[in-house]
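Heads up: the sequence lines are chains A and B, in that order. Take any residue in the first sequence, note its place counting from 1, add 21, and you have its number in the working numbering. Take any residue in the second sequence, note its place counting from 1, add 21, and you have its number in the working numbering.
No wet-lab data here; the hints were simulated from the structure. Misleading hints may appear alongside valid ones.
In this list, chains with the same sequence are indistinguishable; a pair is considered to hold if it fits within one copy or across any two.
[Stated by the list, open to error] Straight-line alpha carbon distances no greater than 16 angstroms define the calculated EDC-like cross-link-like pairs of lysine to aspartate or glutamate that follow:
#1 K135 <-> E178
#2 K405 <-> D419
#3 K108 <-> D121
#4 K504 <-> D488
#5 K24 <-> D310
#6 K124 <-> E100
#7 K475 <-> D465
#8 K135 <-> E109
#9 K318 <-> D419
#10 K475 <-> E447
#11 K456 <-> E333
#12 K277 <-> E202
#13 K108 <-> E133
#14 K127 <-> E104
#15 K277 <-> D163
2 protein chains.
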Amino acid sequence: MSKKLTSRTEDYSRWYNELVIKADLAETSAVRGCMVIKPYGYAIWEKMQHQLDHMFKETGHQNAYFPLFVPKSLFEAEEKNAEGFAKECAVVTHYRLQNDPEKEGKLRVDPEAKLEEELVVRPTSEAIIWNTFKGWIQSYRDLPLLINQWANVVRWEMRTRLFLRTAEFLWQEGHTAHATEKEAIDEAKQMQEVYATFAEQYMAMPVVRGAKTESERFAGALETYTIEALMQDGKALQAGTSHFLGQNFANAFDVKFTSREGKLEYVWATSWGVSTRLIGGLIMTHSDDNGLVLPPKLAPIQVVIVPIYKGEEQLQQISEKLDPIIDALKAKGISVKFDNRDTLRPGAKFAEYELKGVPVRIAMGKRDLENGTLEIARRDTFEKQSVNQSEVVVKVSDLLHEIQENLYQRAVDFRAAHTTIVDSFEDFKGAIKNKGGFVAAHWDGTAETEDKIKELTKATIRCIPNDSKEEEGLCVLTGKPSKRRVLFAKAY
Amino acid sequence: MSKKLTSRTEDYSRWYNELVIKADLAETSAVRGCMVIKPYGYAIWEKMQHQLDHMFKETGHQNAYFPLFVPKSLFEAEEKNAEGFAKECAVVTHYRLQNDPEKEGKLRVDPEAKLEEELVVRPTSEAIIWNTFKGWIQSYRDLPLLINQWANVVRWEMRTRLFLRTAEFLWQEGHTAHATEKEAIDEAKQMQEVYATFAEQYMAMPVVRGAKTESERFAGALETYTIEALMQDGKALQAGTSHFLGQNFANAFDVKFTSREGKLEYVWATSWGVSTRLIGGLIMTHSDDNGLVLPPKLAPIQVVIVPIYKGEEQLQQISEKLDPIIDALKAKGISVKFDNRDTLRPGAKFAEYELKGVPVRIAMGKRDLENGTLEIARRDTFEKQSVNQSEVVVKVSDLLHEIQENLYQRAVDFRAAHTTIVDSFEDFKGAIKNKGGFVAAHWDGTAETEDKIKELTKATIRCIPNDSKEEEGLCVLTGKPSKRRVLFAKAY
Chain A
22 MSKKLTSRTE
32 DYSRWYNELV
42 IKADLAETSA
52 VRGCMVIKPY
62 GYAIWEKMQH
72 QLDHMFKETG
82 HQNAYFPLFV
92 PKSLFEAEEK
102 NAEGFAKECA
112 VVTHYRLQND
122 PEKEGKLRVD
132 PEAKLEEELV
142 VRPTSEAIIW
152 NTFKGWIQSY
162 RDLPLLINQW
172 ANVVRWEMRT
182 RLFLRTAEFL
192 WQEGHTAHAT
202 EKEAIDEAKQ
212 MQEVYATFAE
222 QYMAMPVVRG
232 AKTESERFAG
242 ALETYTIEAL
252 MQDGKALQAG
262 TSHFLGQNFA
272 NAFDVKFTSR
282 EGKLEYVWAT
292 SWGVSTRLIG
302 GLIMTHSDDN
312 GLVLPPKLAP
322 IQVVIVPIYK
332 GEEQLQQISE
342 KLDPIIDALK
352 AKGISVKFDN
362 RDTLRPGAKF
372 AEYELKGVPV
382 RIAMGKRDLE
392 NGTLEIARRD
402 TFEKQSVNQS
412 EVVVKVSDLL
422 HEIQENLYQR
432 AVDFRAAHTT
442 IVDSFEDFKG
452 AIKNKGGFVA
462 AHWDGTAETE
472 DKIKELTKAT
482 IRCIPNDSKE
492 EEGLCVLTGK
502 PSKRRVLFAK
512 AY
Chain B
22 MSKKLTSRTE
32 DYSRWYNELV
42 IKADLAETSA
52 VRGCMVIKPY
62 GYAIWEKMQH
72 QLDHMFKETG
82 HQNAYFPLFV
92 PKSLFEAEEK
102 NAEGFAKECA
112 VVTHYRLQND
122 PEKEGKLRVD
132 PEAKLEEELV
142 VRPTSEAIIW
152 NTFKGWIQSY
162 RDLPLLINQW
172 ANVVRWEMRT
182 RLFLRTAEFL
192 WQEGHTAHAT
202 EKEAIDEAKQ
212 MQEVYATFAE
222 QYMAMPVVRG
232 AKTESERFAG
242 ALETYTIEAL
252 MQDGKALQAG
262 TSHFLGQNFA
272 NAFDVKFTSR
282 EGKLEYVWAT
292 SWGVSTRLIG
302 GLIMTHSDDN
312 GLVLPPKLAP
322 IQVVIVPIYK
332 GEEQLQQISE
342 KLDPIIDALK
352 AKGISVKFDN
362 RDTLRPGAKF
372 AEYELKGVPV
382 RIAMGKRDLE
392 NGTLEIARRD
402 TFEKQSVNQS
412 EVVVKVSDLL
422 HEIQENLYQR
432 AVDFRAAHTT
442 IVDSFEDFKG
452 AIKNKGGFVA
462 AHWDGTAETE
472 DKIKELTKAT
482 IRCIPNDSKE
492 EEGLCVLTGK
502 PSKRRVLFAK
512 AY
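Just chain A, with the same shape it has in the complex:
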């Protein structure tokens, strides 16, 4: 605890890694690329889940649960999807271990317990779910089918980072089936908007809503809608995606329905997901060199109260004053921790809660006892104020809103300051290299140019923003005509 964090300017990547560990959010495990999500990190995930789940249900979705394993023959049914994930999937080949005859006390795979068909640990569940949907859908009356699943998935990533890219991660995956193309596209767009609302209003993380280019689309999708956030180091983070899958999976799994007009037609599909990666985005949007900074709406502890006292008697006097305040805060739905541990000095506690990003800290000492006051400190700006005890509930309640707003506004300002409009490739390279952030530039619409730019600058097209204006222009690389600007950035 005592050792300081590496600062962001010194080494942003190291700062992130240290912060995740020191703030007790997660750690690496004995399994390559898999993380352990520690209680404090998991509590943030629970808050995210709770809100997202509510939003999914409000938009008519129901939760269900599908198998962890995908038989190889189903996995390969939708060709593009299979191709996209085959290179990084964990495969179960046996269903039993036995004593190793050569090593006392050790086990080995039982060669006689080989599966007839290998099972893929789901990297995503389109295949197993569409194979199931086949039995659920006969008529237009069964549509739309609006399903969500909270689950773990596995993608055998070679380079992993806590939360941002792990071999196993937790996520939700929505899978919906529709009678018409339009309805499916509307659904995919609606869920993009749900994600954007969640990111902005709960995570206080502004996002650009847009569509992916063909080469950045989800394997098997006709269109991928994305929300893209900007981290403090100027790199973009893809924070959530929503896919219009056309009839690809209906075709692959033969899912047809009888329309209102009595015709047999293939079903239209979407899928959409966000994951524990969001926690990485949350950290990198707001936190500082002192530690985590959490938006109040997702903070497991919103207010921490630290008594500053000498001896039992003083602690008791302070506690007596604080008890009704704690009750009043809790009654307002505010999560409060009263830290009266006698094993740690107040200064050490302050540092701990700073590191853990608790939005509001209240301290009460001897002088406060005499004056009927309290000291309130906010995590985002470090401002402190002395407040009358009778006003504390209103003050804290207001402050939580203010912090939520301030964090969002700060991130919006940061993004504005780190979005550059360029019209030449020199400026493009300069912006990417020296300033970072989003670069809005004209692009000729070809995958070839996209690849070339990536090769030269490491920047990729994050999205074609939904609100990108039609405007005549020339591709920054090739000079060919372009109808609108797209958003480039280096990305996580």
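Based on the hints, put chain B in the right spot on chain A.
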């Protein structure tokens, strides 16, 4: 929907299987032994999770998340645990698929992507968690460590049944670490009591609290505390277990702490879990030949309202009366579904909600409109009553409590009628064979006798009940002395 359920007396097992399918709770999947939990079944699980999670947090536990995979070398570290699960575990051996050169469009395991060390898909997480705890525990100040995980686990069962025994299932697993033996035992017992309270007060399923015999213990436990329920066919269901693990895992993973006295000691452990199996128990405790019967506290829909009308105008008149009633019910926290579909007749709707076990049904027709009344029907007894519209909120609220109570009492009575005290092996065999249920008998305490009785009657010792009185007696099989009766039954 129209085809009737097999009755329980005709074939209990088939009745169960049909009910799970027809009530839309779950279905089998393309993966051997794995189920798909459908939205209605999952909604019950969510209600269970919500309440259990609340109870775990109230008793000081925090959620976290650990990897799905256990490296073989960790898996085999605690010998008994490894031995217990080695025979039924899914093993990941490769991390990539590639195009099959011999079959166009097909994939095969890439032989070059073989893992150096195989990964076991967790059948339970003691190994991976204790390997992690090693880094979290140094001093007595780090104890107790009270962790819970909501997760999926895989056990390669040969004979599976929806909810009751599936290769993959959802569960929670608590894992705690303590400074003293007593504290760990108290924790294990406390969680047994939490499970029992949940079973009785929420599932309306009475349970016997007891300890397992040595041969029925969890692999690696020194003591397994269990809650045992009785199903309508006279078979017992182990509904939840809580294990005192002694220092076995601390030894295997070298987890020591510095005590208050400065001594280095091994940590004491517990683990405890309940799973989606509870849904099987819920079904088999209350349901009848008409379908599911759900206790109100766990019913996804507590009240369904069906308007009985001819024509749009009448529907509108009825809806106008119902709208404020629906609002008032919802304001009381009651979950209400208003089913005004025009594609189904009221009779068909009644049958559907009966099948789905909705506790209370309200119907309102033309005559009710004239009389200012409503018809309320309860699912458990099929009783109907005409109620004044102004009284409906109070009535429904009372009725939900009454149904919850009645279901519990009915199950308690059933169990009392199906618990037999026997003192000879003839009576023992007769009771097990002809009557089923729990049989309380003296046993000489040896695994040999336990095995022999199982071989002869298929009955196993479900538990040594916590409240079993000390009483001198003679083992029903061997005539050897015994200090107390234990509870036998055939079991799921």
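Verification of the hints:
For the homomeric pair K135 and E178, the shortest alpha-carbon distance between copies (15 angstroms) is at most 16 angstroms, but the shortest distance inside one copy (26 angstroms) is not. In the homo-oligomer, the alpha carbons of K405 and D419 lie at most 16 angstroms apart inside one protomer (14 angstroms), although the nearest pairing across protomers, at 52 angstroms, exceeds that limit. In the homo-oligomer, the alpha carbons of K108 and D121 lie at most 16 angstroms apart only across protomers (13 angstroms), although the nearest pairing inside one protomer, at 31 angstroms, exceeds that limit. Proximity of K504 and D488 under a CA criterion of 16 angstroms is satisfied intra-copy only: 13 angstroms inside one chain copy versus 80 angstroms between copies.
Proximity of K24 and D310 under a CA criterion of 16 angstroms is satisfied intra-copy only: 12 angstroms inside one chain copy versus 67 angstroms between copies. For a Cα distance limit of 16 angstroms, the shortest separation of K124 from E100 across copies, 14 angstroms, qualifies, whereas the shortest one inside one copy, 43 angstroms, does not. For a Cα distance limit of 16 angstroms, the shortest separation of K475 from D465 inside one copy, 14 angstroms, qualifies, whereas the shortest one across copies, 77 angstroms, does not. In the homo-oligomer, the alpha carbons of K135 and E109 lie at most 16 angstroms apart only across protomers (12 angstroms), although the nearest pairing inside one protomer, at 21 angstroms, exceeds that limit.
For the identical chains of this complex, K318 and D419 are intra-copy neighbours only, at 13 angstroms inside a copy versus 37 angstroms across copies, given an alpha-carbon limit of 16 angstroms. With identical chains, the CA atoms of K475 and E447 are at most 16 angstroms apart within one copy only, with a shortest distance of 15 angstroms there and 83 angstroms across copies. For the identical chains of this complex, K456 and E333 are neighbours neither inside a copy (55 angstroms) nor across copies (64 angstroms), given an alpha-carbon limit of 16 angstroms. Taking identical chains as interchangeable, the C-alpha atoms of K277 and E202 lie at most 16 angstroms apart only when both belong to the same chain, with a minimum of 14 angstroms there against 61 angstroms between chains.
For a Cα distance limit of 16 angstroms, the shortest separation of K108 from E133 across copies, 12 angstroms, qualifies, whereas the shortest one inside one copy, 27 angstroms, does not. Within a single copy, K127 and E104 get their C-alpha atoms only as close as 37 angstroms, which misses the 16 angstroms cut-off; across copies the closest is 10 angstroms, which meets it. Proximity of K277 and D163 under a CA criterion of 16 angstroms is satisfied intra-copy only: 11 angstroms inside one chain copy versus 57 angstroms between copies.
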